[in-house]
Amino acid sequence: SQKIEQNSEALNIQEGKTATLTCNYTNYSPAYLQWYRQDPGRGPVFLLLIRENEKEKRKERLKVTFDTTLKQSLFHITASQPADSATYLCALGGGSNYKLTFGKGTLLTVNP
Amino acid sequence: SQTIHQWPATLVQPVGSPLSLECTVEGTSNPNLYWYRQAAGRGLQLLFYSVGIGQISSEVPQNLSASRPQDRQFILSSKKLLLSDSGFYLCAWSVRVSDNEQFFGPGTRLTVL
Numbered sequence: 004s005q006k007i008e009q010n011s012e013a014l015n016i017q018e019g020k021t022a023t024l025t026c027n028y029t030n031y032s033p034a035y036l037q038w039y040r041q042d043p044g045r046g047p048v049f050l051l052l053i054r055e056n057e058k059e060k061r062k063e064r065l066k067v068t069f070d071t072t073l074k075q076s077l078f079h080i081t082a083s084q085p086a087d088s089a090t091y092l093c094a095l096g097g098g099s100n101y102k103l104t105f106g107k108g109t110l111l112t113v114n115p
Numbered sequence: 057s058q059t060i061h062q063w064p065a066t067l068v069q070p071v072g073s074p075l076s077l078e079c080t081v082e083g084t085s086n087p088n089l090y091w092y093r094q095a096a097g098r099g100l101q102l103l104f105y106s107v108g109i110g111q112i113s114s115e116v117p118q119n120l121s122a123s124r125p126q127d128r129q130f131i132l133s134s135k136k137l138l139l140s141d142s143g144f145y146l147c148a149w150s151v152r153v154s155d156n157e158q159f160f161g162p163g164t165r166l167t168v169l
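First to last, the sequence lines map onto chains A and B. If you use the numbering used here, the first sequence corresponds to residues 4 to 115, in order. If you use the numbering used here, the second sequence corresponds to residues 57 to 169, in order.
Any given hint could be a false lead.
To be verified - Far from chain A, some chain B residues (derived; all Cβ distances over 12 Å):
no.	residue
1	Gln69
2	Pro70
3	Gly72
4	Gly83
5	Asp127
6	Lys135
7	Leu139
Said to hold, decoys possible - If we take Cβ atoms under 10 Å as the criterion, some of the chain B residues that face chain A in the derived model are:
no.	residue
8	Asn88
9	Tyr92
10	Gln94
11	Gly97
12	Gln101
13	Leu102
14	Cys147
15	Asn156
16	Glu157
17	Phe160
Stated by the list, open to error - No more than 25 Å apart at the CA atoms, straight line, and that leaves these computed lysine to any residue pairs for SDA-like:
no.	chain 1	residue 1	chain 2	residue 2
18	A	Lys107	B	Glu157
19	A	Lys102	B	His61
20	A	Lys102	B	Ala95
21	A	Lys6	B	Asp155
22	A	Lys6	B	Gly97
23	A	Lys102	B	Arg128
24	A	Lys107	B	Ser114
25	A	Lys102	B	Thr80
26	A	Lys107	B	Ser140
27	A	Lys6	B	Ser142
28	A	Lys102	B	Ser121
29	A	Lys102	B	Gly83
30	A	Lys102	B	Gly108
Derived by calculation from the structure, the hints in this document are not laboratory data. The beta carbon of each residue, even a glycine, is placed where N, CA and C say it ideally should be.
Start from the sequences and build out the full structure, keeping to the hints where you can.
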């Protein structure tokens with residue numbers, strides 16, 4: 004069965020450093036991978052999408068890489084700020100059914 | 057612009073009671089609609105999705121059901137709640153393109169006692 008693993012449940016870093024979150028998957032050949040941010044008590048918010056034929060995507064301080072050989076995506080937040088503290092979810096999708104399969108998320112805490 | 061509404065925001069229900077959660081979307085037509093549940097330690101679990109009025113696909117066998125009586129309305133129901141139904145219920149929508157970026161509502165926190 005399809006399995007998605009996000010490297011750790013929690014990650015603590017110091018303000019100004021780069022946060023790197025990992026999403027690994029097995030038994031899946033996704034057409035695209037998405038990253039979402041979720042704050043406590045709220046619904047997830049879409050951040051970035053990267054397709055299977057793309058290696059890297061950037062948006063402001065965010066960067067996502069996608070390695071279909073390793074079956075892995077890395078999500079980077081550069082110059083991290085305390086306001087970046089949240090849970091980050093990766094999601095895989097593809098095909099004609101419009102479904103996404105989500106990982107459990109990584110809780111990022113950026114300490115001032 | 058598009059908005060998605062869910063209500064109620066919080067709900068406390070006794071075991072065995074019925075449930076009805078409603079989700080409506082504004083500002084778009086023919087959206088795909090989704091119901092998810094998020095329980096502690098289990099991540100975001102897809103319960104139902106719909107690509108059109110009256111078209112419902114169930115992902116997890118359980119005592120929940122979903123209906124889509126109108127294009128932008130999605131309802132999650134149960135005839136008898138179980139303790140295990142407690143969780144954070146999220147409705148989401150997406151447009152009918154392959155990238156499927158999903159937009160989530162504010163969620164309903166359900167506690168079954």
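To see whether the hints hold, each was checked on the structure:
no. : hint                  : in the structure
1   : Gln69                 : 19 Å, holds
2   : Pro70                 : 23 Å, holds
3   : Gly72                 : 27 Å, holds
4   : Gly83                 : 16 Å, holds
5   : Asp127                : 16 Å, holds
6   : Lys135                : 26 Å, holds
7   : Leu139                : 21 Å, holds
8   : Asn88                 : 5 Å, holds
9   : Tyr92                 : 8 Å, holds
10  : Gln94                 : 9 Å, holds
11  : Gly97                 : 8 Å, holds
12  : Gln101                : 8 Å, holds
13  : Leu102                : 6 Å, holds
14  : Cys147                : 8 Å, holds
15  : Asn156                : 5 Å, holds
16  : Glu157                : 5 Å, holds
17  : Phe160                : 3 Å, holds
18  : Lys107(A) - Glu157(B) : 18 Å, holds
19  : Lys102(A) - His61(B)  : 21 Å, holds
20  : Lys102(A) - Ala95(B)  : 19 Å, holds
21  : Lys6(A) - Asp155(B)   : 20 Å, holds
22  : Lys6(A) - Gly97(B)    : 15 Å, holds
23  : Lys102(A) - Arg128(B) : 18 Å, holds
24  : Lys107(A) - Ser114(B) : 21 Å, holds
25  : Lys102(A) - Thr80(B)  : 19 Å, holds
26  : Lys107(A) - Ser140(B) : 18 Å, holds
27  : Lys6(A) - Ser142(B)   : 24 Å, holds
28  : Lys102(A) - Ser121(B) : 18 Å, holds
29  : Lys102(A) - Gly83(B)  : 22 Å, holds
30  : Lys102(A) - Gly108(B) : 14 Å, holds
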